[in-house]
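Residue numbers (our numbering), protein chains in the order written: chain A, 3 to 223; chain B, 12 to 215.
Any given hint could be a false lead.
Partial selection, computed: residues in chain B whose CB lies under 7 Å from chain A [to be verified]: (1) A71; (2) I73; (3) F80; (4) I90; (5) Y178; (6) G179; (7) V182.
I should point out that these hints are in silico values taken from the structure, not numbers from a laboratory. Source: prediction; values computed, not measured. Just so you know, even glycine gets a beta-carbon here, dropped at the ideal spot from N, CA and C.
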Amino acid sequence: MKLNKMSTNKKLGLLAILLGIIALFTKDPAKTSFVKVDPKNLLFESKNTTKFITPFELAEKIIKGTESFLLVDLRSPTEYEKGTIPNAINLTVGDLLENVIGRNQQIVVFSDDDTKSLNAWLALKAMNYKNVYVLKDGFDGWINEILHPKIPLDLKDVDKAKSEKIIQVSNYFGGSPIFVSEGKTIQTEKMEFKQTPTQLPKQSVALPKPEATKKPKREGC
Amino acid sequence: MIAPFYKFGYFGEEFSLIIAFLIGIAFGFFLERAGFGSADKLAAQFYFYDMRVFKVMFTAIITAMLGVFFLGAFGLLDINLIYFTPTFLIPQIVGGFILGFGFILGGYCPGTSVVSASTGRIDGFLFLIGVFIGIFIYGELYPLISNFANSTAMGKQTLHGFLHIPYGVAVFAVVLIAVAGFSGATYLEKKFNSKFLGRGNEAE
Chain A
3 MKLNKMSTNK KLGLLAILLG IIALFTKDPA KTSFVKVDPK NLLFESKNTT
53 KFITPFELAE KIIKGTESFL LVDLRSPTEY EKGTIPNAIN LTVGDLLENV
103 IGRNQQIVVF SDDDTKSLNA WLALKAMNYK NVYVLKDGFD GWINEILHPK
153 IPLDLKDVDK AKSEKIIQVS NYFGGSPIFV SEGKTIQTEK MEFKQTPTQL
203 PKQSVALPKP EATKKPKREG C
Chain B
12 MIAPFYKFGY FGEEFSLIIA FLIGIAFGFF LERAGFGSAD KLAAQFYFYD
62 MRVFKVMFTA IITAMLGVFF LGAFGLLDIN LIYFTPTFLI PQIVGGFILG
112 FGFILGGYCP GTSVVSASTG RIDGFLFLIG VFIGIFIYGE LYPLISNFAN
162 STAMGKQTLH GFLHIPYGVA VFAVVLIAVA GFSGATYLEK KFNSKFLGRG
212 NEAE
């Protein structure tokens, strides 16, 4: 009995070593992609607009900070240095294809325009990334809708609450809204990042501070 | 079908919870059967006369490692989709020491204390209560120590990625370490058995 048991252990040990030796000569499974892409499905998804996230949705996502996601700036490093969306990292489409990002990570890509972002989206989808979103209108959209949103002054009460919210979000990111009355721009200062726009009423609702690093969801034991 | 099934959307949240429940039951069952419900057996490894915890752990590690590697190689599993905890070097070393201290003191790690409690052992229950008190204290203190807890972040690290060696080489090396560890552990058992229990080669 004892001898038998010993030999089972040894057999299993030998099997493990054998498999280890085979592993030495096996191609890295983490770098091999076995994903089969269904072209029809991909075409259907590419027509679908749910892959877009509006600048406002993204802004709220950043402020809330409850979801962990990766924001990827696809523009050139020089543009990235000039200014980008908080927490964004600068990668090229090529970098994305190098598997630098975990495939289960939620990713939001943006660029100058939608074309480059959509290329990246398509490439990532083809590599079977699940949660990839494109920022609608790219960085320009971010500037126009978050940093310098146009706020009409003559509004009904319902819309006022909405624009109030937009102003708050814009302030959070250090933007300055442009106030427009019947098509005429009231605040015509130079468009620069301003901390506190002069014409704004005091903020009543305090927004949470941005967190540099989000704690990722725990799945371990 | 390619694993992980949940990440590929083959089944939803509810079904994945049922699967998790079943796996949890099986996990607890085998831990108990391996003798992990007893603090005596668990503590024995610190005195080197019964190394079954070490052996079971290493067996689990190389079984899972070889399984994941070859399932990936055969295209049945997408390795990139497997979740693993990011590395925070210093906080995790400190945490490891705290856990080890509690392990030696109480005779259980968090998982085995649940196993022990479920078999009705009073020390297991007390340990489990301690675990929850510890979790509560950590949660309350977290704002104070969050800077430390998030320091030395290294992201997702793998052995082969960190050492810049091919994946297969890392697999082979870990297998060798495990086999060497096994023989070493058996040797220690024989040696310390006589010392602590006054017995000879009666480890099993």
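Verification of the supplied hints:
no. : hint : in the structure
1   : A71  : violated (12 Å)
2   : I73  : holds (5 Å)
3   : F80  : holds (6 Å)
4   : I90  : holds (4 Å)
5   : Y178 : holds (4 Å)
6   : G179 : holds (4 Å)
7   : V182 : holds (4 Å)
In this structure, the one hint that does not hold is number 1.
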